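Enquirer: Could you put the whole structure together from the sequences, leaning on the hints where they help?
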Amino acid sequence: MAAGQPLTEDTDVANQDQHDGDQHTPQLPPAAPSMADQAGSATPAFAGAARRRFATRGAAAVGAILTVKSQPGMACEICTSPSGNASGNLSRPGSQQVVCQGLSPGYWKNHTSSWHSSCAPSVRFQKRFNCSSSSGFYNKTMLTMLTHQDCDADNVAMHIIAAYQNALKGYTSFLKPDRVQAIWNEYWRTGGAGRGYYTPIAGKKWYGPEIVQYLRGTMS
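Just so we're aligned: 15 in numbering that gives the first Met the number 0 is position 16 of the sequence shown, and the numbers increase by one with no gaps anywhere.
Since the hints were derived computationally from the structure, they do not count as laboratory data. Each hint should be verified, as a subset may be incorrect.
Distance condition first, Cα-Cα at most 20 angstroms in a straight line; then the derived DMTMM-like pairs of lysine to aspartate or glutamate [what the hints assert, rightly or not]:
#1 Lys-203 - Asp-149
#2 Lys-139 - Asp-149
#3 Lys-203 - Asp-153
#4 Lys-204 - Asp-153
#5 Lys-126 - Asp-177
#6 Lys-139 - Asp-153
#7 Lys-204 - Asp-149
Only a predicted model underlies this, so the values are computations on that prediction, with no experimental measurement involved.
Expert: This is how it looks when you write it as structure tokens:
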């Protein structure tokens, strides 16, 4: 596909079966609004260094998925070629400029004073993301989960927390807090660490490594 080519419009994906661990999980509170929430709904795209990283780490395989109908709130335009050469603009004519300046798990681990006020480092993981009380995720703080845990086989939770902070802070205009939560919660419902998946488009499943690859593509 040519660099910068727009994608088809989004479509909803059928709900997946509920994971056993969710049966006693409390209802998630609404995600705090990000700065980007108030800016309107622009057609999203990858941008800058994050786009180049995503391209060089597998756009040919994973990025191609985003060129067909995908869930709302996902990046819906690939603006670099698999070679990593930047092309295209950061915004389309008549639309707002896309923000793709997410920060890594390592940044959030070492800069706790920068966390969004609605989700402090001491917040327990289950307060924002589904998990069962018998799982290794339960009662661990957000900050703790930014260091590799045995329960987090592919470091999905680690990257989800970073992506959530990025969304709350408005560093990813196309990836909002509720979408980050939805990625994790579907991953958990469908099996969790080492087994679960997220469905970006009907009939396609992203398992842990693919979810992490996508989220890394939104981070600088």
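Enquirer: Evaluate each hint against the coordinates.
Expert: Consistency of the hints with the structure:
Between the alpha carbons of Lys-203 and Asp-149 the distance comes to roughly 27 angstroms, so the proposed pair goes past 20 angstroms and is violated. As the CA atoms of Lys-139 and Asp-149 are separated by approximately 12 angstroms, the hinted pair is consistent with the 20 angstroms bound. Simply put, Lys-203 and Asp-153 have alpha-carbon atoms about 19 angstroms apart, close enough for the 20 angstroms limit, and the pair holds. Only pairs whose Cα atoms come within 20 angstroms are accepted, and Lys-204 paired with Asp-153 is accepted, the gap being roughly 15 angstroms.
Between Lys-126 and Asp-177, the direct Cα distance comes to roughly 13 angstroms. Compliance with the 20 angstroms bound is thereby established for this hinted pair. Between Lys-139 and Asp-153 the CA atoms are separated by roughly 17 angstroms; this keeps the pair inside 20 angstroms, and the hint holds. Under the criterion of a C-alpha separation no larger than 20 angstroms, the hint pairing Lys-204 with Asp-149 is inconsistent with the structure, at around 23 angstroms.
Of the numbered hints given earlier, the model fails hints 1, 7; all others are met.
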